[in-house]
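Just so you know, the protein sequences line up as chains A and B, in that order.
Residue 25 is where the first sequence starts when you use the working numbering, and the numbers rise one by one after that.
Residue 2 is where the second sequence starts when you use the working numbering, and the numbers rise one by one after that.
Read the hints as simulated data drawn from the structure, not as lab findings.
Where is the CB? At the ideal position from N, CA and C, for every residue including glycine.
Some hints could be false.
Claimed, not checked - Here are some chain A residues pointing at chain B (derived, C-beta under 10 angstroms):
id, residue
1, 127
2, 190
3, 218
To be verified - Interface residues of chain B toward chain A, partial, derived using beta-carbon atoms under 10 angstroms:
id, residue
4, 95
5, 103
6, 135
7, 255
Stated by the list, open to error - Just a sample of chain A residues kept apart from chain B, beta carbon distances all over 12 angstroms, derived:
id, residue
8, 75
9, 84
10, 88
11, 160
12, 169
13, 189
14, 244
15, 284
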Amino acid sequence: MTQQMINGAVLCAVYVLFSLGLTLSWGALDVLNLAHGALMMFSAFTAYVVTQHLDLPLALLFVIGVGTAGVCTLLLDVIVFRHIRAKVADKRQSELLTLIAGVGAAGIPVTLAVAYTHDSPFGIGHLDWSSYSLGGGAQISTIQIVIIALGAVLCTALALWVSRTRTGRALRAVAFDGETAELMGVNTRALSAVTMLIAGSLAGLAGMLLVIYLGALTPGSGEPFMLKGFAIIILGSVGSVWGTAIGAVVLAATETVVISQTSGTWVDAISFAIILLVILLRPQGVVGKGLAERV
Amino acid sequence: MSSWYFSHLTLIQGMLISIPLALSVQIALRSGVFSFASIGFYGVGAYGTGILTMRGWPVLPAMLLMIVASGVVAYLMSAPLIRLRGLYLGMVTFAFDLILTVVATNGGELTGGALGLLGVPLGMGTGGLLAAALVAIVLVSQLERRSVGRALVGIKASEELVMSVGVDLKSRKRTVFAISAALGALSGSLYVSTFSTVSPTSAGFTLIITTLTMAVIGGTSSWIGAVIGTVIITWLPTMAATIGEYQHLVYGVVLVLVVMYAPEGVLGALRWLWRRLAPKVRMARPSGGAALAATGPPGGPPPDRGAEAEAEPVPADRVKG
């Protein structure tokens with residue numbers, strides 16, 4: 025039982041990190057980045073390619089992996105999404121084009137990874153971590169502690185950033201009404217760049233932690249994560265940091281129970297069931313009002 | 002000619018199969034419905050027809066059943082979905098496609114697990130494929146020309162405007178959703194009864210990329226765009242032999258570039274060219290110019306005109322129908 029709770033907490037922390045990036049860009053900038061999952065995978069893939077040629081310490085690999093996802097997301101926003109936002113005045117049309125561009129962009133890292141690995145799993149090593157006994161046969165390893173701590177700390181930091189700081193307030197203003205925020209002196213370009221960099225880095229961090237924790241990822245690993253990210257966001261309301269945390273807890277807990285009770289192959293279907301249930305029963309979100317309207 | 006035909010038969014068949022699928026995405030995007038659901042229904046059609054024919058059903062009834070069932074299921078599904086704001090609909094239908102691959106992988110003996118269905122009875126000749134593609138084209142092009150289609154363009158331009166002139170927006174969107182799903186199912190059924198196999202990955206993320214590229218590269222404003230896009234994407238790999246395993250990377254880059262610089266696609270470029278040439282033509286043919294300026298009678302058949310009529314931004318009053 026204790027062991028299940030630890031596994032669930034690790035899962036939850038990875039989900040939180042991944043979904044926060046997705047919800048941040050959607051809530052604040054109306055960018056639903058469908059390449060988010062592919063870039064999560066790509067961070068681990070880049071680190072893997074580096075380990076094939078160089079023997080770098082783990083910390084440096086993390087910098088490379090997280091940096092890759094962060095910079096790629098930033099570039100995607102600066103080169104593609106911003107171009108679309110500036111060119112297409114109609115909001116719905118620009119959202120649609122952003123969505124399509126995200127799908128196209130996701131094809132690039134996935135194809136690179138498939139071609140390099142011949143569509144097989146890849147890992148970056150670093151699998152030996154010391155474990156501590158918690159009694160009752162339950163164990164917790166150093167990497168599990170690190171993942172849980174990072175999830176909790178970064179989620180709290182992000183929540184404080186959005187609610188307490190000046191830039192966080194600017195971000196909420198942009199989410200509410202970008203044009204008016206700009207008139208009030210908010211530098212929306214810089215703010216959207218920072219937001220996308222943070223969003224991408226969070227995906228990268230999730231990817232790096234996951235590849236070390238699980239031992240390996242595949243080029244297609246990002247897709248089920250998009251499904252999970254959607255379920256978490258829709259539970260927690262778009263743009264809400266604490267809502268995302270609660271959504272992640274619910275999903276991770278449900279999945280852990282299902283995995284322990286069944287053979288586990290249906291676990292990805294839970295996300296979809298959650299999405300459908302929320303949409304049918306409570307389209308405004310379960311946790312409360314986020315930054316955006318849904319219906 | 003005939004040797005060329007036989008050596009390219011697979012590509013020709015693939016192209017004819019893709020046309021309904023590209024149309025299914027085009028018709029949704031044209032109406033401002035951000036839905037990827039038809040790609041999921043492609044999987045439903047492929048698996049459904051495959052499973053039925055492997056159990057002794059003749060091909061045509063199996064196909065028809067899957068198409069009708071997909072349309073009906075999509076119509077029922079659309080009731081809660083259609084209320085959703087753009088991005089949410091995109092997200093939910095994207096999730097729907099991804100979950101179907103999970104279902105197919107875990108379907109046990111029925112779906113053949115990760116390997117998929119193998120040895121589905123063949124039941125489609127190239128003639129049959131051509132007929133199916135033509136039926137899809139006629140259906141979609143007629144839909145564009147009738148009042149239904151014009152109301153759909155209006156939905157994309159301004160939902161409030163369309164509602165203000167008394168169009169039942171919800172039912173129109175639900176109809177589009179159902180037709181789009183039926184076209185997807187048609188394409189999937191054709192695929193499985195032509196190539197005799199389907200696996201969970203064949204209706205997954207790469208199919209979303211490929212189909213979107215087809216619809217968007219051609220231009221989503223008309224069925225012609227979807228057909229142009231399908232032709233381009235089918236023949237592109239044969240012309241650039243090197244792209245082989247990087248096929249989807251090229252599609253991805255093309256998709257991003259088209260969205261950024263030519264959101265109207267090839268069709269938009271052709272229309273732009275036509276607008277530059279059109280004044281000369283109009284002077285030579287004044288009646289054609291008059292027809293362009295006039296508002297077509299609501300609901301009546303539009304005067305015979307090609308792509309040039311659509312080149313003008315749709316005037317609000319043409320939306321009535």
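Against the structure, the hints come out as follows:
1. 127: Cβ of residue 127 (chain A) sits 6 angstroms from chain B, so the hint holds.
2. 190: Interface hint status for residue 190 (chain A): violated (28 angstroms vs cutoff 10 angstroms).
3. 218: 22 angstroms, violated
4. 95: 7 angstroms, holds
5. 103: 5 angstroms, holds
6. 135: Interface hint status for residue 135 (chain B): violated (28 angstroms vs cutoff 10 angstroms).
7. 255: 7 angstroms, holds
8. 75: Residue 75 (chain A) clear of chain B: closest Cβ-Cβ about 23 angstroms, beyond 12 angstroms.
9. 84: Given that every Cβ of chain B is farther than 12 angstroms from that of residue 84 (chain A), nearest at about 28 angstroms, it holds.
10. 88: Label holds. Min Cβ-Cβ 22 angstroms, cutoff 12 angstroms.
11. 160: 33 angstroms, holds
12. 169: For residue 169 (chain A), whose nearest Cβ neighbour in chain B is about 31 angstroms away, the distance exceeds 12 angstroms, so it holds.
13. 189: With a cut-off of 12 angstroms, residue 189 (chain A) remains clear of chain B, as the shortest Cβ separation is near 27 angstroms.
14. 244: 7 angstroms, violated
15. 284: Holds, since 18 angstroms exceeds 12 angstroms.
The structure fails to meet hints 2, 3, 6, 14 from the earlier list, while all remaining hints are met.
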